[in-house]
Amino acid sequence: MNLLFGEILRNRLLWLLAFVPVMFVIQKLKPEAHTLLFALSVLAIVPLAALLSHATEAVAAKTGDTVGGLLNATLGNLTELVIALTALAAGQYTLVKASIAGAIVTNTLFMLGASFLLGGLKHHVQEFNRTNARLQTTLLFLATVAMLIPSAVSEAATAFTHELSVGLSILLIAAYGLGLVFSLKTHREFFGSAEHAAEDAAEGGAPWPLGLALATLAGVTVLVALVSEVFVESVQEAAATFGMSPAFVGFIVVALVGAAAEMASAFSGARKNRLDLSVGIALGSASQIALFVGPMLVLLSYFVGPAPMDLQFWPGAVIMMLIATMTASLVTISGRSAWFVGVLVLMVYVVFAMTLYLLPPRIP
Amino acid sequence: MNLLFGEILRNRLLWLLAFVPVMFVIQKLKPEAHTLLFALSVLAIVPLAALLSHATEAVAAKTGDTVGGLLNATLGNLTELVIALTALAAGQYTLVKASIAGAIVTNTLFMLGASFLLGGLKHHVQEFNRTNARLQTTLLFLATVAMLIPSAVSEAATAFTHELSVGLSILLIAAYGLGLVFSLKTHREFFGSAEHAAEDAAEGGAPWPLGLALATLAGVTVLVALVSEVFVESVQEAAATFGMSPAFVGFIVVALVGAAAEMASAFSGARKNRLDLSVGIALGSASQIALFVGPMLVLLSYFVGPAPMDLQFWPGAVIMMLIATMTASLVTISGRSAWFVGVLVLMVYVVFAMTLYLLPPRIP
Amino acid sequence: MNLLFGEILRNRLLWLLAFVPVMFVIQKLKPEAHTLLFALSVLAIVPLAALLSHATEAVAAKTGDTVGGLLNATLGNLTELVIALTALAAGQYTLVKASIAGAIVTNTLFMLGASFLLGGLKHHVQEFNRTNARLQTTLLFLATVAMLIPSAVSEAATAFTHELSVGLSILLIAAYGLGLVFSLKTHREFFGSAEHAAEDAAEGGAPWPLGLALATLAGVTVLVALVSEVFVESVQEAAATFGMSPAFVGFIVVALVGAAAEMASAFSGARKNRLDLSVGIALGSASQIALFVGPMLVLLSYFVGPAPMDLQFWPGAVIMMLIATMTASLVTISGRSAWFVGVLVLMVYVVFAMTLYLLPPRIP
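Residue numbers (our numbering), protein chains in the order written: chain A, 725 to 1088; chain B, 725 to 1088; chain C, 725 to 1088.
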C-alpha cells in the first residue's frame, strides 16, 4: 500500500486522482451539470488510466517475459476497452465506432508524430527498430482492409454486414494472436528492443508485489468503468456546449483522453532518445485497438448492449484510418527520424482534426 | 512419347488426367448433371494446366534464354487465357472480368502468402530478389491504375469507356513488352535468379525433345479449351447449388483452378528455400495476367464473342486489386520473409474471399 | 544588358522570345483569331518562363545559400502562379484548379519519368539522393491528403468547405515553410546535393549582376502576366477547335506550358548523369505547387477575382494526384533508376492524359 502511495507521490500525473472523488460528489449533487461533469470525468480518467497501465506492467514484470508480453498486449488498452464497453451498453454505437477509429488515428498520427517531434527537438537524428514498425503497420493495414471492404462492396444489406463483421472480427483477433506468437515466441530476437519497453516503462520506484498490482488492476478497472459512465453520459451535451461536432468528440477528444497515460510514456521515451519505446507504444497500441479491442467489441455487442454492432464504419473514418496507416508506413520505412518528420505526421492529424471540428453537426 | 508417359507417372498431379475422359463421357451421357460436370471439369483442368506449363517450359528450355523467357512470359498463363476466351465466346463478360481480377488477386495474395507461409514454417527467415519483386509490383500498380481510372472519372458513357479501354489495353501490352526487354535483355543481370526459375521448374526427368513439347502444347491447349467449355457452362449452376455467389465463383474458384499448376511449383520452391522462384512465379504471373492476358482479352473481344468488352471493372474488384498490389509492395520491400508475413498476406486474401462468399447474390 | 543578350544568344530556347512581340501585334490586329493567339501565347510563355527561372537563380546565387534557397523555393514556380492568378482574376476557377492539379501530376509523373527515361537511355543505372526524394514525396502526400479530405467527408456544405479550405491552406503553407527550415537550415547536410542544383542550373555564361537580375525578374513577370491574359482568354476556344476536352487543356496543356523551362533543366541534368538535380527539380516543383502556390491562390482568391475559391477538387483530379504521389514514392524508395522505371512513370501519365483526352466534354 505504501508502494501505491509512493507511486502516487512520485508521479505528478497521479495527483489528478483527486478529481475522482470530486466528480462523484458533483454527480450526486448536480447531475445536470453536464459540462462540469464532462471536464471532471476527463481529469479523472487520465490518472486512472496511468495507474491502470502501471499496474498492468507491474503484473507483467512479475509473470515473466512471455506471459508479461501477453498481458501487456491484451490489457494495454484496458481504458479504451472499458470506455467503449460503457458506450456500447448505453447503445451509443456511433460513439463506440468513432472512438475505435479515433484511437487508431490518434495513436498512429498524434502519438507517433509528437514523439518524433519531441525527440527530434532534442536529438538531431534518431533511429528505431524498423522491423517492429513494419510488423505493426502491416497489422494495421490488414485491419484497415477488413474495415474498408464491407463498406466498399455493399452499401445496404444489414444481414450480410453483420455476418461478415463477426467473421472479420474473429479473423483479426486470430491475426493478432498469431502476431504475438511471432513477436514474443518464434522470432522474438527481431523485436528485442520493443520487449525492453514494458520493463522500462515500469522503471522508477520499487517493483510492486503481485498482490498489490492485481488488486490495483481490479479496483482501478471498476473506477474507470464508473467514471466512464459519467463521461459517456455527459460528453455529447458538453460537446454541444463547446460547439464541437459529435464526430470531433468521438474521434479526437475521447481518443486523446483514453490514450493520455500511454502518451506520457511515449513522449518521455522520445526525449530520452529511446524512440523504439515510443514507436512501439504508439503503433503497438494502434494495432492492438484495431485487431483486438475493436473486434472484441463487435463480438461482445452480442452479449452487452441493446443490439449487435457491425464493423462497417463511416467512409470518412475508413479513409482517415487508411491514410493514417499509409503515413505511418511511409515515415517508418527508413528507421530514422528528425523533427520535421514529426511535424509532417502531426500535420496529417491536424488536417483530420480541423476537418472534423468544422464538420456540420449532421455528418456523419 | 515415353517421356510424356514417364512424366505422367513421375508427377502425381498428372494422375488426375484420368478425369479428362471421364468428364467427356459424363457430358455425353448426363449433360444436365451440372454439379458433377463442374467437379469433373475442375479435376480435369488442374492436370492439363500442369502439363501445359511443363510443355511450355520444355519448349522454352530448347529455344535459348531470350526466346524461352519470352515464351514463358506469353504462354505461362495459357490456361487462364483459354478459360477466359471460352467465357468470352459465350458472352459471359462478368465471369471473364471476375476471373481476370480474381487471378491477379489470387496470384498476388494466395500464391505469394502461401509460399511465404510454407517456406517460413520450414526456414526461420528467407531472402529473395527484391529488384524483381519491385519490378513486378510496379507493373501491377500500373495495371491497377489503368483499371481504376475509367471507373474513377466517369460512371456511364459507354462509347468513351470502349475507346479508352482499347487505348489502355494497347498501353499495358506495350508496357509489358518493354518490361520483357528490360528484364530479359538490357538489365538481365538484376533478374538472374528469376531467370533460373524456368529451367529449374522443368527439372527432374529427361529433357523433352522439341517435337514432343510442341505437340503436347498444341494438343493440351485443345483439350483445355474443350474442358473449359464444360467448366464455363456448369460453373454458375453448380455455384448456385453450393450456395456460392457468382462473384465468389469468378473471383476465387476459377482463379484457384486456373493457377493450380503454378501454385504447385511456387510452393515446392518455397519449401526448398528458393523463394526467388516462388515470388517470381506469383508476382510474374499476376503481372502477366494484368498487363497481357486481360488487355489481350479486351482486344480479342472485338473478334470473338457477341460484343466488345471494356476494361471497366466492378468497383469492389478494383479496390481488391489495388489492395492486393499495395500488400505485395508492402511485404516485399525488405526482401526478407518469415512465416507470419505469409499469414498476413493470406489473411488479406481471406478477408476478400469471406466478403465475396457472404455477398448477396445480386451484387455486383 | 550585354549579359542578357549573351544569355539569349547562348540559349536557343530563348530565341522563342521573338514570339512575344508577334503575339501582341496579332492580338491588336486580329483579336478574334483564338487558335493562332493560343499557339503564339504558348510559344511566348515558354522562353519567358526560362528567362524568369534564370533571373530567379541569378538573384538566388547573389544572396547566399539560405536566402537564395528561399527565393528559389518561393519564386521557382512564378510562371504557374502568374498564369493561375490571371485565370483567377477572370473567374475561371475550374481552369485554376485543373492547372494546379495538372502541374502537380505533370511534374511528378512526366518530368520525373522523362528524366529517368532520358537519363536511363544514356546511363545503365543512375543513383540519386533518396532522402530528398522522400521528403518531397511525403510533403506531396500531406498536400494530397489535405485536398482529398474535404471531398471525402462531405459532398455539399459550401460554408464548411470554404472555412476548411482557408484552414488547410494556412496549414500547408506552414508545413512548406517548416520544410524549408528543415532542408535549408537544421538538416541541410542531408540535402547537400540538391543545394548544388540551383547553382548548377545557373551555370554557363558569366554570373549576372544583382541589378540586371532583379530588373529582368520584374520586367519578365509583367510580360508573363500580359501573355497569360491572352493565353487564358484563348485557351478554351482553341481547345474546342482542336477537339480537346477542357479537363485535358487545364490538366495537361497548361501544365506542360508552365513547366517547360524547368523540364529543360531537369532533362539536361538527367543526360549529364546528375539525377539528383532532375529529381530535385521535378519533385521540389510539384511539392512547391501543392504546398505553396495552390494554397496561396486560395488565400489570394479573397482579394483577387469575383468570389473566394476553395480547395475542393474534382474527385478524378484528387485520385490522379494521389496516384502520382504513390507512384513517385514507389519508384524513388530505392534511390536507383534505369530506363524502364522512366517508362513506367510515363505510362501512368499517359493513362491520365489518354483518359482526359477522351473524356466527354461535360465532365467534370
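Just so you know, these hints were derived from the structure itself, not from any lab. Glycine residues also receive a C-beta, built at the ideal position from the N, C-alpha and C atoms. Check the hints yourself; a few may be wrong.
Here are the computed distance ranges between Cβ atoms for each label pair [unchecked claim]:
(1) C:Gly730 to B:Tyr1026: 42 to 50 Å
(2) C:Ala883 to B:Gly815: 48 to 56 Å
(3) A:Pro1039 to C:Trp739: 48 to 56 Å
(4) C:Ala883 to A:Arg736: 52 to 60 Å
(5) B:Tyr1026 to C:Lys754: 22 to 30 Å
(6) C:Ala883 to B:Ala883: 37 to 45 Å
(7) A:Ser1058 to B:Ala883: 41 to 49 Å
(8) A:Pro1039 to B:Thr965: 29 to 37 Å
To test your reading of the hints: which numbers does this structure violate?
1, 4 and 5
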